[in-house]
Amino acid sequence: MNRSPIELWVYLSASPLLWLTLTLVVWIMASELSKKLGRHPLANPVLVSILVLSVMMIIADVPYERYFAGAQFIHFLLGPATVAIALPLYRQWKEVRALLVPISVALLIGSVVAVTSVVGLGLVFDLPREIMLSFLPKSATAGVAMAISQSLGGDPSLTAVLVIMTGIVGALMVTPFMNLMRITDYAARGFAVGLTAHGIGTARAYEVNPTAGLFAGIAMALNAVATSAIAPLAASWLLS
Amino acid sequence: MLRGLAVLLLFQLLGESLVFLSDLAIPGPVVGLILLSATLPVLQRFRHQEVIHVDQAAQTLLGNLGLFFVPAGVGVVALGGIVGTHAGAIGAVLVLSAIITLAVTVWTFILVSRLIAGRRAP
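Protein chains in written order, with the numbering used here: chain A, 1 to 240; chain B, 1 to 122.
Read the hints as simulated data drawn from the structure, not as lab findings.
In this text, all values refer to a predicted model and were calculated from it rather than measured experimentally.
Ideal Cβ placement from N, Cα and C applies to all residues, glycine included.
You may find that some hints are simply not true.
[As the list claims (entries may be wrong)] Beta-carbon label-pair distances, calculated as ranges:
#1 A:L12 to B:F46: 18 to 28 Å
#2 B:L96 to A:L51: 48 to 58 Å
#3 A:L123 to B:E50: 22 to 32 Å
#4 B:L24 to A:R39: 34 to 44 Å
#5 B:E50 to A:S15: 16 to 26 Å
#6 A:L8 to B:L2: 27 to 37 Å
#7 B:G84 to A:L180: 26 to 36 Å
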């Protein structure tokens with residue numbers, strides 16, 4: 001051996017390979033952990049992976065840019081994953097068509113509330129405009145929300161963080177909240193969490209009930225489209 | 001799987017191109033989603049095998065959807081400064097907005113379903 005382990009670490013921590021591999025390994029372990037804990041909402045694999053990787057980066061003193069150089073290959077897949085939502089929508093078109101009216105009305109009202117509640121609450125809690133612009137698309141799936149934020153003049157990486165936090169909050173709250181409200185209609189429960197908390201909420205809905213998962217996926221797909229139309233309107237009103 | 005992935009990427013590319021050319025305010029992948037949804041019935045009819053490939057790729061991607069949020073989520077570390085100074089307000093808006101959206105959406109869905117069922121029943 002001609003080189004020391006410290007040199008190896010310096011070499012590896014600078015390469016995209018290390019952070020790409022670690023992101024995948026941490027995700028797989030977090031998913032296993034979530035299964036073992038009976039899909040407890042607090043063991044949400046997205047939340048656990050983000051926490052573990054963040055702690056690793058802080059300990060190893062690695063800047064986010066260097067982490068992202070590796071992790072961007074995973075991040076890139078948000079685009080084709082968004083396009084892929086067309087398939088469940090097509091496969092389950094019969095179920096969608098049977099409930100087309102409640103779906104359309106709940107989509108329109110829910111999507112408007114998801115965006116305007118941020119404006120209203122943001123004014124109440126005195127949030128700066130720049131943060132509000134990045135906040136508006138928070139209920140849309142990450143790839144779409146980041147694209148909307150960019151076109152509105154927001155900060156896409158701040159949007160990503162707010163989207164993920166919204167997803168986690170929605171996934172954590174949905175089961176206790178719906179049980180408290182005594183709502184037993186799993187199509188309605190799923191649709192609400194998919195609209196509010198996109199992919200993370202949909203993953204949670206599938207853990208609870210297959211019908212809830214199906215309607216959450218439909219809501220996520222439709223709300224990605226609806227938010228694209230509604231957020232720019234809210235933004236132009238906010239800026240005027 | 002690879003073939004299906006190529007189709008998904010192709011539709012994303014189409015979506016991005018349309019957005020670029022028309023200056024639409026809708027994200028490229030969403031336009032890709034809409035285009036693919038419109039194309040699938042045609043594809044099913046004439047190139048049935050292709051739909052199976054796309055379905056496989058879609059299932060793999062959507063089955064691990066949570067993973068794709070992780071790289072952006074780790075960005076919380078990098079954004080500590082901006083989020084930190086407004087942490088309280090951001091947290092309050094996040095939680096309240098989520099509760100309001102969940103409640104309004106679920107009740108709208110249930111009320112409209114009942115209205116329709118009531119109209120059909122008599």
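field: Broken hints, by number
entry: Hints 1, 2, 3 and 5 not satisfied by this model.
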